[in-house]
Structures are given as C-alpha cells and as structure tokens.
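Everything in the sequence shown is counted per the numbering used here, starting at 1 for the first residue and increasing by one.
Worth flagging that the hints you see were computed from the coordinates, not collected in a lab.
You may find that some hints are simply not true.
[Stated by the list, open to error] When the alpha-carbon atoms are kept at most 30 Å apart in a straight line, the in silico DSBU-like pairs for lysine-lysine are as follows:
hint, residue 1, residue 2
1, K371, K349
2, K198, K237
3, K330, K305
4, K305, K349
5, K305, K344
6, K330, K356
7, K364, K237
8, K330, K344
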Amino acid sequence: MNNPFVTNGYAGEHYFCDRVDETHRLIDLLTNGNNVALISPRRLGKTDLIRHCFAQPQVKENYYTFLIDIYATSSVQDFVNALGRSVIDALRPFGKKVLQHFLDVVSSLRSDVTFDVFGQPSLGVSIGSIDRPETSLEEIFRFLEDADRPCLVAIDEFQQIDTYGGNSNVEALLRTHIQRCQNANFVFAGSQRHLMDKMFTSPSRPFYQSVTLMNLRPLLLDVYCDFAVGLFAEEGKTLQPEVARVVYQDFNGVTAYMQRLMNVLFMRTPQGEVCSIDMIASAIDYTLDMASDTYEALLRQMPEKQRNVFVAIAAEGEVANVTSGSFARKYHLASASSVNSAVKGLLAKDFITQGKNGYQAYDKLFALWVKRYMNIR
Numbered sequence: 001m002n003n004p005f006v007t008n009g010y011a012g013e014h015y016f017c018d019r020v021d022e023t024h025r026l027i028d029l030l031t032n033g034n035n036v037a038l039i040s041p042r043r044l045g046k047t048d049l050i051r052h053c054f055a056q057p058q059v060k061e062n063y064y065t066f067l068i069d070i071y072a073t074s075s076v077q078d079f080v081n082a083l084g085r086s087v088i089d090a091l092r093p094f095g096k097k098v099l100q101h102f103l104d105v106v107s108s109l110r111s112d113v114t115f116d117v118f119g120q121p122s123l124g125v126s127i128g129s130i131d132r133p134e135t136s137l138e139e140i141f142r143f144l145e146d147a148d149r150p151c152l153v154a155i156d157e158f159q160q161i162d163t164y165g166g167n168s169n170v171e172a173l174l175r176t177h178i179q180r181c182q183n184a185n186f187v188f189a190g191s192q193r194h195l196m197d198k199m200f201t202s203p204s205r206p207f208y209q210s211v212t213l214m215n216l217r218p219l220l221l222d223v224y225c226d227f228a229v230g231l232f233a234e235e236g237k238t239l240q241p242e243v244a245r246v247v248y249q250d251f252n253g254v255t256a257y258m259q260r261l262m263n264v265l266f267m268r269t270p271q272g273e274v275c276s277i278d279m280i281a282s283a284i285d286y287t288l289d290m291a292s293d294t295y296e297a298l299l300r301q302m303p304e305k306q307r308n309v310f311v312a313i314a315a316e317g318e319v320a321n322v323t324s325g326s327f328a329r330k331y332h333l334a335s336a337s338s339v340n341s342a343v344k345g346l347l348a349k350d351f352i353t354q355g356k357n358g359y360q361a362y363d364k365l366f367a368l369w370v371k372r373y374m375n376i377r
C-alpha cells in the first residue's frame, strides 16, 4: 500500500493493530455457541475487529460470515433489506449452487433479485420497499438454519432497531428467530452504550441475558506506538516514538483519529527522513483544512439552538451538567429546557455522545475545528 495507515475499512492483518486478545476471545465465544454484544464508542475499531475475526483461517474456511450495517435503517423493512443484501453479497464467492439455495428458500424476495451480464445476483429493491418483512425475515433465518456451513452474523450499530417506529415487536421477533436458529451465532455491535445496556441488561427486554457482553477499549499506548514506528520503518522512514505518544494522548487513544493523523504524517515524511514532533501541528492543520467545508456545512444545517449548544460542548471538551447556570452564562445559552431539547436533538443525530463523565462531541476533529476556527479559547 502507498500509505500503511489505513483510514477506511479493513486492509488485512498486517495493517491491523494488535487486538490479539480480543480476536481470540470473540472467535472463541462465537465458535462455541455464544452470541456476543460488542460495545464501544464509534471509531474505536469494533467493525474492523469483526472483519479481522471473520478473516481468520479457522473462521473463513469453516463458516459463512455476514456483516450487516443497519446504521441508516429506520424500519424493519430496511433491516430485512440490509440483511438480504449482505447475505447475497457474502455468498457470491461460494458459487451459484449456494446462491441458488438462498434464492430457493427466500421465495418472498426472489422476484426482486436481478442478475447482471455475468449472472451475478443482487437485491433490486429500494430501502423500505419490501412488502412482507416478517415473512422475508423468517425465510432468511430458515436459510441460515439449513445452510451447509455454520453461520456467523454480525449486526453493526444494533441499537438502531430501538428507533424503528411502529415496529415495537422487532426485538422480540429477532430474539425468537435467533433462539430457534441453531446453525448461526450473532454479534450485536453497538456504539451507544446507554441503548445497548438497556437492550441486553434490562429484565423487561427480549434480549435480556441472551448474550455475552464484550466491551472494546482503546489500544494500549505502547502497543500502538510500536505499531506506528514499525510501519514507518518498513517504508524506510523513521518515526520518533514520542510523535505517536502525543497523537495518542491528543485523541484519547481513539483509533480512527490516530490513524488519520498518522496517515498525514507518513505522507509528509520523505523516504529516509525523520517524522518529528514539530510536524504534528501542521498535520492537524492540514486535516482540519481538508474537512473545513464539511464541518461548516454541518454547522449551517443545525437549528440555531442546537448549533449554540454543540459549539459550547465542543469548546468545553466535556460537560457534566449541560443545564447548569455557569455553563449557560459562559456560552450565552437560553433556558435549561431549551438546552435539554437541543441536547436530545444532538444526541439523536450523533453530533454528541453521553459518557460516564458527561457530554462531548462525537467527532473529536469536529470539536477541534470548532475551537480553532471559531476562535474559542
């Protein structure tokens, strides 16, 4: 690869940092009949961890694996659509016989499957257009049960099903199908801890005590430093270890942001030269400049009250009490009820997140851009 610091997706084991223990644990759980709820903040690497596990020989050679991202779904129809598309895409490498078996079992979707000039199928329905989602879902689970290999199914951003309007029974429906399906095990990956916790630890919810909870934490500082130094060295470049340490600390060990900065630093370091600590500031400036138009557009699209609250939270870094008088006075915010309403809207749109110590911006680079380009000190 031209740049070994991957910023988009999984590029193979060589470019994947550590997670040795987590990989073994997740594979052991899944291949021994357990379902897992994998919880972490966004951009910490849970999706790539799942892809990494699915790429290991003991999994790849013996299982059908399916990864479904339901972040953009808003109904059970959307969910079934995403599931159907993912199954078809994942089965393509296994040939026509396996694909035909899927199409034979999932008869409710057969008329919506189209074929290209090479005979490769795809699901030709648009989001939300499946007429009988419960029937199609039952048929997909029937395929999983009858498949000639055991199946591993990962559903990314699983907390999204909690937002499906008019389908309050979707959790119960999924739980029933999963309980009956003995040939598949599941990973429910989620980034909104409060929603995931409610789903899997509340006695009133269908998935209560049905999974093993697994929390993903940031990579260890020394592990990531060694990884970054090694990738530079492979390309004839030198990375001062302190550079990786500062980047790690600046972004609290969140993998996606570290990779973004290291990608820029690698790009700006000529072969045979040294990447030193004084290059970090210009790399951050470059990254923020590249994202400036996007961030400006996002701010413009926010309602005024949400924008004011978001800017205030980004400026503070983390806010324990968003309705406190001192916080409101410092940033000239409106009433407590108005702030509460804005916070709910920002949470729903994933502009902010609520952690153990308070509220903070989801996108750390966005927060940094707000402070730098709006001259907030």
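Legend entry - Hints the structure fails to honour: Of the numbered hints, just 2 does not hold.
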